[in-house]
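Q: Order-wise, the sequence lines are chains S, V and E.
Each residue of the first sequence is one higher than the one before, starting from 1 at the first, in the numbering used here.
Each residue of the second sequence is one higher than the one before, starting from 1 at the first, in the numbering used here.
Each residue of the third sequence is one higher than the one before, starting from 1 at the first, in the numbering used here.
None of these hints come from the bench; they were simulated from the model.
A virtual CB, placed ideally from N, CA and C, is assigned to each residue, including glycine.
Treat each hint with caution, since some may be false.
[As the list claims (entries may be wrong)] With beta-carbon atoms standing in for the labels, derived distance ranges:
1. V/Thr199 / E/Asp372: 52 to 62 Å
2. V/Leu225 / S/Arg66: 25 to 35 Å
3. S/Arg66 / E/Phe41: 53 to 63 Å
4. V/His147 / S/Ser222: 31 to 41 Å
5. S/Arg35 / V/Gly229: 40 to 50 Å
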Amino acid sequence: MKHLSRFNITSLTLGLAFLYLPIVVLVIYSFNASRLVTVWGGWSLRWYAEFFNDAAMLSAAAMSLRVGVVSATAATILGTLAAVALTRGESFRGRTLFSGMLYAPLVMPEVITGLSLLLLFVAVNAERGFWTVTIAHTTLTMCFVTVVVQSRLGSLDRSLEEAAMDLGCDPLRAFLKVTLPLILPSVAAGWMLAFTLSMDDLVIASFTTGPGSTTLPIRIYSEVRLGVKPEINAICTLIIGSIALVIIAASLASKLSSRQGESAAPL
Amino acid sequence: MSGRRLFTTPARRAAVAPLLWMLLFFLLPFGFVLKISLSQTVIAQPPYVPVFDPAQGMAALKAAFATLSLENFRLLAADHLYILSYLRSIVVALISTAILLAVGYPVAYGMSRLPARWQPIAMILVIVPFWTSFLIRVYAWINILQHDGILNKTLLALHVVSAPVVWLSTDTAMYIGIVYSYLPFMILPLYATLAKIDTTLLEASADLGGSRLATFWLVTFPLSLPGVGAGALLCFIPIVGEFVIPDLLAGSRSPMIGQTLWLEFFTNRDWPVASAIAIVLLVLLLAPLLVYERMQRRQLEGRR
Amino acid sequence: MDAMLHRETKRGGMTDDARQAPDVAGADIPLLQLDALVKRFGRFTAVDRLALDIKAGEFFALLGPSGCGKTTLLRMLAGFETPDAGRILLDGQDIAGIPPHQRPVNMMFQNYALFPHLSVQDNIAFGLKRAGLPREEIKARVTEMIALLKLESMERRKPDQLSGGQRQRVALARALARRPRLLLLDEPLAALDKKLRENTQAELMRLQRQLGMTFIVVTHDQEEAMMMADRIGVMNAGHLVQVATPRQLYEAPNSRWVAEFVGGVNIIDGKIASRDAGRVTIATPDAGGIIAAAPLQALTTDQVCVAIRPEKVRLSAHESAPDDDDAGGINRLAGVIAGISYLGGQTRYQIRLDSGAQLRASVANIARLDLDAFDPAQRVVAWFAPDDCVVLDR
Chain S
1 MKHLSRFNIT
11 SLTLGLAFLY
21 LPIVVLVIYS
31 FNASRLVTVW
41 GGWSLRWYAE
51 FFNDAAMLSA
61 AAMSLRVGVV
71 SATAATILGT
81 LAAVALTRGE
91 SFRGRTLFSG
101 MLYAPLVMPE
111 VITGLSLLLL
121 FVAVNAERGF
131 WTVTIAHTTL
141 TMCFVTVVVQ
151 SRLGSLDRSL
161 EEAAMDLGCD
171 PLRAFLKVTL
181 PLILPSVAAG
191 WMLAFTLSMD
201 DLVIASFTTG
211 PGSTTLPIRI
221 YSEVRLGVKP
231 EINAICTLII
241 GSIALVIIAA
251 SLASKLSSRQ
261 GESAAPL
Chain V
1 MSGRRLFTTP
11 ARRAAVAPLL
21 WMLLFFLLPF
31 GFVLKISLSQ
41 TVIAQPPYVP
51 VFDPAQGMAA
61 LKAAFATLSL
71 ENFRLLAADH
81 LYILSYLRSI
91 VVALISTAIL
101 LAVGYPVAYG
111 MSRLPARWQP
121 IAMILVIVPF
131 WTSFLIRVYA
141 WINILQHDGI
151 LNKTLLALHV
161 VSAPVVWLST
171 DTAMYIGIVY
181 SYLPFMILPL
191 YATLAKIDTT
201 LLEASADLGG
211 SRLATFWLVT
221 FPLSLPGVGA
231 GALLCFIPIV
241 GEFVIPDLLA
251 GSRSPMIGQT
261 LWLEFFTNRD
271 WPVASAIAIV
281 LLVLLLAPLL
291 VYERMQRRQL
301 EGRR
Chain E
1 MDAMLHRETK
11 RGGMTDDARQ
21 APDVAGADIP
31 LLQLDALVKR
41 FGRFTAVDRL
51 ALDIKAGEFF
61 ALLGPSGCGK
71 TTLLRMLAGF
81 ETPDAGRILL
91 DGQDIAGIPP
101 HQRPVNMMFQ
111 NYALFPHLSV
121 QDNIAFGLKR
131 AGLPREEIKA
141 RVTEMIALLK
151 LESMERRKPD
161 QLSGGQRQRV
171 ALARALARRP
181 RLLLLDEPLA
191 ALDKKLRENT
201 QAELMRLQRQ
211 LGMTFIVVTH
221 DQEEAMMMAD
231 RIGVMNAGHL
241 VQVATPRQLY
251 EAPNSRWVAE
261 FVGGVNIIDG
271 KIASRDAGRV
281 TIATPDAGGI
291 IAAAPLQALT
301 TDQVCVAIRP
311 EKVRLSAHES
321 APDDDDAGGI
331 NRLAGVIAGI
341 SYLGGQTRYQ
351 IRLDSGAQLR
361 ASVANIARLD
371 LDAFDPAQRV
381 VAWFAPDDCV
391 VLDR
């Protein structure tokens, strides 16, 4: 019964074209030799060279990478713990508040989250910089990790854990030996999501960072406000390229692990 | 059952660290926002009110309470710049959500009707742009929409227009940017509900004389309403507080509330007013936020 | 004796005919004719050159193991699959090209496919509204269906507020409401528990008589098919291997496969040694010479097998036992009781013959006290009448 009507094909094609065309244009123009962004001056890697010579931009990129790795790791640990508590903890006191605090940041306007965290940091006289941004990003991204891991845990057959305990594991070991390996792909996906969200964030970082520690999005934003610059196209292309690589690697990895998962599931 | 119970206590212990983290870095900061919003604007560097010192005891607490004022909220109510800003944000969010639904529904429907082995690929294709930076995606549109950008060049070449059209710094550009950035958030929940619909229900409808159109409106659409609701909230709430897209793509004549907050905070350095703006925004969004949370909870926790 | 079996099956056939409602359309044209129907999925042929006639008012069952093509056949009748070749004639008209929503055929889905967002009455009215009936008519028919299937006081409930049995009745009401020429039921009882299933079988038979409608039911449960259907079509690997009344199917299977698929059976391989006067003698390595009634259909070779139902195997404790059989001392096999399963109404014995082969016998427990029961390892003689043997190709 599932035949594709012309309407379905058209809407899918148009939708995907709308999603990808701007990115394709951006990537193509990053190889433009001309300084005028809109005039095609032939293929060139000039703007990539420019980026690798731009010390301010490079240090911002390094800062973003550091914040991204640290905050994503912290967020993955906290978010996985939260997901376990929500799916395996049955009902406990403060559960509604707990899950509420975890789901709200997913949609909360970033200006509110950013402002409130800044006011906290100011109130406790924290020195603003790497750590404040990292804490802020951990807070935001652990919620995404929670949702990703929670949906996997929720669909996991609980008799597997019960079987592990029946065979002599205590709950902690049952989790480490059975549950964790099975949810590992989604934990990894959560880490990557947290990392890209951190690399991407402009608003919260703008609020919580201090003088001297600029992240890549903040730097890009201040350039973009002044208009289109070919160098920005080159940076964006690099970012898109690395994300594409990560996604391809991730989907290959999940394909492998899902094959494992399938063979493991009937056991 | 007992196996589940065995797991319960250690699982609850797992909640401690994330719970403390969220109390400290999510809930507690709202207290500071509230406090600052009730404080006098101080022209200082940095412009914040001194921290309450518990060593001074009750007297200091009373004194601290005495300094609280609703001045900032009065300002928000009196100056129609703020009221217009809130109104504009809500209108923009409503219009954007409607466009997103109109664009996202056909795409999600098309995805759900693909052969099963193509569906995960289509889903990855929709998610990938979401993983590429938000800022990049907005920036990509500046490339296209600028005065001598690709859109104007194409339109001129096709003789649709005789002179370049001004796209940047218009509402059109802003709506394009918003729809573009939020489209995956609309498509994914819609697709999730559409893909879950049991195809035998569609066959049953056909069997009972329902044409394709009747089947869509009487079976598919009503059953996809939870997805419509989830997608709409997932887009509407953050769009109301959106800053980057209107800042980069829309004109500066009538700012959205996110821009106003940003302006008060970074340019005017008026932290108390910025805080008051955030509090009012939060109150406005409370109802949709609560509805969204309930849907999330039901979706993620209701299955067993 | 062959004639007797023949008579008996004939009689069975006649009673079956008498049970049927009178033909509505011309008596000679079958309601449904399938002609060389073929359906392939890729390289897999799900239905292979299948031909079948079904008369109006018949209760027909399609029986087969999973994957035999019975559901594909049903879905072709409903219009959800398009045949790759062949014709589907309903009242003499080819409906193969008609989309499902325009066919006068309705289906009851295996999972019921009740619309979860609609109440019971809206589910039942769904098809009537699509047919564009006037509002009063729809109301009247919904009321009629609700009464017919005893769904009073459930009208406003949603499907998830109903029990499994109630859901099944709503699905039936919804499919019947349009008064289809043909009602298709896909494993209608599979989701019900055993007790409920038995009641529902009787209910389906009552409805079918009362409405005089033609039912085609797909099932993998032979007991269910035999209990409800006037005729059963047994399918295997896309082919219709036998179409017969339940009795014929059990007593006169036309192939070894059918004999083994429907009910329990003892199969003894052998070779035809001689034929005379309605009897054949079959030489078997396991059971010596077996004398059987001459086969009804032509055999392809001398290499045959003999099928004997376990309840037709009789046991006796004495070596010299019953000479009262009119054939006089034939078809006797000596052995020991190797296994006993007591099942209440009957007891099943596993007998190891002296040749080493196994034989199954089931004995009805007609008396409460076990005077006739056998003990483990007891020596017995198993014997059966030539008329109870069915000779088939191997």
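Q: Would you mind marking each hint as holding or not holding in the structure?
A: These are the hints, each one checked on the structure:
1. In this structure the supplied range 52 to 62 Å holds for V/Thr199 paired with E/Asp372, their Cβ-Cβ distance being about 56 Å.
2. For V/Leu225 and S/Arg66, the hinted distance range of 25 to 35 Å is not satisfied, since their beta carbons lie about 44 Å from each other.
3. Remark: the range hint 53 to 63 Å for S/Arg66 to E/Phe41 is upheld by a beta-carbon distance near 55 Å.
4. Look at V/His147 against S/Ser222: about 21 Å separates their beta carbons, and that is not inside 31 to 41 Å.
5. A hinted range of 40 to 50 Å for the beta carbons of S/Arg35 and V/Gly229 is consistent with their spacing of about 49 Å.
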